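Trainee: Please build the complex by placing chain B on the supplied structure of chain A, with the hints as guidance.
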Amino acid sequence: MASQEVLREGPSRGSLINDPRVRGIFFQALVLVLLVAGVWWVTHNVIVNLTRLHIASGFGFLKGRAGFDISESAIAYSSDSTYFRAILVGFINTVIVAVVGIITASIIGFIVGIGRLSRNWLIRKICTVYVEVFRNIPPLLVIFFWYSGVLAVLPPPRESINLPFGSFLNQRGFYFPRAVWGEGSWLILVALLLGIAMAWFVARKARQRQMATGQPFPVLWTSIALIVGLPLLAYALSGFPLSFEFPKQSTFNLVGGFQVRPEFLSLYLALSCYTAAFIAEIVRAGIRGVSTGQTEAAAALGLRSGSILRLVVVPQAMRIVIPPLTSQYLNLTKNSSLAIAIGYPDLTATAGTVLNQTGQAVEGVVIMMAVYLALSLITSAIMNVVNARMALVER
Amino acid sequence: MKHIAIGVLGAAAFGFAASAASAATLDDVKAKGFIQCGVSTGLAGFSAPDDKGEWQGIDADFCRAVAAAVFGDGTKVKFTPLSAKERFTALQSGEIDILSRNTTWTINRDTALGLNFIGTTYYDGQGFMINAKKLPGVNSALQLSGAAVCVQSGTTTELNLADYFKSNKMEYNPVVFEKLEEVNAAYDAGRCDVYTTDQSGLYGIRLTLGAPADHVVLPEIISKEPLGPAVRQGDDQWYHIVKWTYFALLDAEELGITKANVDEMKNSDSPEIKRVLGQEADTKIGTDLGVSNDWVVNIVKAVGNYGEMFERNVGSGSPLKIARGINALWTKGGLQYAPPIR
Chain A
1 MASQEVLREG PSRGSLINDP RVRGIFFQAL VLVLLVAGVW WVTHNVIVNL TRLHIASGFG
61 FLKGRAGFDI SESAIAYSSD STYFRAILVG FINTVIVAVV GIITASIIGF IVGIGRLSRN
121 WLIRKICTVY VEVFRNIPPL LVIFFWYSGV LAVLPPPRES INLPFGSFLN QRGFYFPRAV
181 WGEGSWLILV ALLLGIAMAW FVARKARQRQ MATGQPFPVL WTSIALIVGL PLLAYALSGF
241 PLSFEFPKQS TFNLVGGFQV RPEFLSLYLA LSCYTAAFIA EIVRAGIRGV STGQTEAAAA
301 LGLRSGSILR LVVVPQAMRI VIPPLTSQYL NLTKNSSLAI AIGYPDLTAT AGTVLNQTGQ
361 AVEGVVIMMA VYLALSLITS AIMNVVNARM ALVER
Chain B
396 MKHIAIGVLG AAAFGFAASA ASAATLDDVK AKGFIQCGVS TGLAGFSAPD DKGEWQGIDA
456 DFCRAVAAAV FGDGTKVKFT PLSAKERFTA LQSGEIDILS RNTTWTINRD TALGLNFIGT
516 TYYDGQGFMI NAKKLPGVNS ALQLSGAAVC VQSGTTTELN LADYFKSNKM EYNPVVFEKL
576 EEVNAAYDAG RCDVYTTDQS GLYGIRLTLG APADHVVLPE IISKEPLGPA VRQGDDQWYH
636 IVKWTYFALL DAEELGITKA NVDEMKNSDS PEIKRVLGQE ADTKIGTDLG VSNDWVVNIV
696 KAVGNYGEMF ERNVGSGSPL KIARGINALW TKGGLQYAPP IR
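Respectively, the protein sequence lines represent chains A and B.
Take the numbering used here: the final residue in the first sequence is number 395, and no numbers are missing along the way.
Take the numbering used here: the final residue in the second sequence is number 737, and no numbers are missing along the way.
Think of the hints as simulated: they come from the structure by calculation, not from any bench.
It is possible that some hints are incorrect.
[What the hints assert, rightly or not] In silico BS3-like pairs for lysine-lysine, Cα to Cα no more than 30 Å straight-line:
# : chain 1 : residue 1 : chain 2 : residue 2
1 : A       : K63       : B       : K528
2 : A       : K63       : A       : K334
3 : B       : K473      : A       : K63
4 : B       : K654      : B       : K564
5 : A       : K248      : B       : K561
Here the structure is a predicted model, which is why all the values come from computation and not from measurement.
Bound-form chain A, shown alone:
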């Protein structure tokens, strides 16, 4: 530290050109000037060209009537809604497929990653083949594989495959009964929340008791009983208000019930399978990164192999796993823009349509870039919090 201070404060020997401090300031200033000039040049050029070409600009177009329909929407949307709402629908669809995809990819990834380290030859080889196949195929092809290769060969609506519980599978998607909540069903929700809160409380108490007395408590079974039992009780008490709407055959399609479209299904399955291959490798690297001494020491303490994995290996592996895992989550979110190839109305698709209908190319692309950037930064921020909680606490 001291020597650096001396270097900084010391008188410059020779000319200014050789002074590291002056040089540093000069190059930083140069980069800044170039950056500002570059941004100004691009912005100026775009504005001049737009004016010259008589193209309207600004974000006012977002208030206009969209006029087109979107197949999948989590919020109320019709052709009378605004362009802004159309983009919002696309954004929500992107978030839905990203969140569901991340959860599924993590589950498959962890199972396959641990499977690759299994002592069972068959499991190990199956997991290796899975990783090598999906890791080495471009994600767009995986999407097409699911869309054209698997889902498109299903039967047409009139010859739907009947599945248990009134569900159907055909080339228009997967249909299952939709729950219709009747009068008094809020009680069930309250009971569910109450059950979760009580389970959390019981787990906390049980932990404290085990720490203090060494007495274990069957937390898992108690929790299941609370989380499942309380809502069931509420269901019975409120007079069985739940009914189901079943999908039925009509002229063209199955109507009623809940439909999961093949576009969503194939995008979701493709992104999950593809990203899971990378997550599996990250998990494997994380587990291999924990020294065998840890496992041996835990075994010497008399822990069973499941407990060793859960209590000793995984917590330490997570510290290695989480930073690269964040990158994979970001990749999955960004890869979801490949949805456009199969017509899933994600952000890129709806914003692209808006861009085309209004001709506002610059604004449209800026909106898309800003939204993806924000989405990625939020994902990173969440993962950084998780990482900070997992990190080694030095005492």
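Mentor: Relative to chain A, chain B alone:
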């Protein structure tokens, strides 16, 4: 070098080739020696590559006609296949010189998008196609409530579809793709019950399906779709050249000038024919436009007159067999009418 680097950066960031597209398109075109023509990614009869990789169709031939007017050689065209979504940005940015891609002329495109449509090379209307074998008994678009409808995104078709179902209080389920081939594949695979686009397009697409005879185009036409080429705003000379190329094709048909007889027509006794073909003494019609005086001769030699172009690509000389209908000349009860060349 720095300018190029920043230009590339700007283009990449905003989808705009900022340094391209100066005002005088004609000079640019002459300097590079060919016309860059934006076409569809493959629509039979309008613009689609044949088995030798040559672009065929009315829209492709129209660009050849402009090339013949400018260079005296109809082959000096390069084609850029564009999806419906890409087409306007490509024209605005200067990537192409003419957009000749079965594009509907609307007020919004003429004003807010900064384009100039030069006329209507094909009067069309939006229709519906269904698989009659899978859906027996459906013979009107008004029976389509609840259907899944395949449509290409970023088109007027998508908007008309929403309007039509809404105004008839019917439900539908849009299945939207960006590329024409994706829509075709989805419809052929049965992902949707109905295919909607311009009727001429439906006839063209039907030919590419697995079993064309199973599919029928429903009688309803739900919109006006005047299809025509467009250029950028702000260059009147280029606009005039493209517009008068279209009129020259119509006038040639009206005067009976064909690919076969154009050379003998030069010696015709009719002063009108002589004037159109640039055979009048001291004529300045062509040079005032910015092209040579025998421009109409070049156009007709390259692609024939409008009628020949129509019959060869979509009419009786093609697999589509579309009747002239409202696309006949005004003298034959159609809508195609050109101001006189004089």
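Trainee: All hints, please: hold or fail.
Mentor: So, going through the hints one by one against the coordinates:
no.	hint	in the structure
1	A:K63 <-> B:K528	violated (44 Å)
2	A:K63 <-> A:K334	holds (27 Å)
3	B:K473 <-> A:K63	violated (39 Å)
4	B:K654 <-> B:K564	violated (51 Å)
5	A:K248 <-> B:K561	holds (24 Å)
Going through the hint list in order, the structure does not satisfy hints 1, 3, 4.
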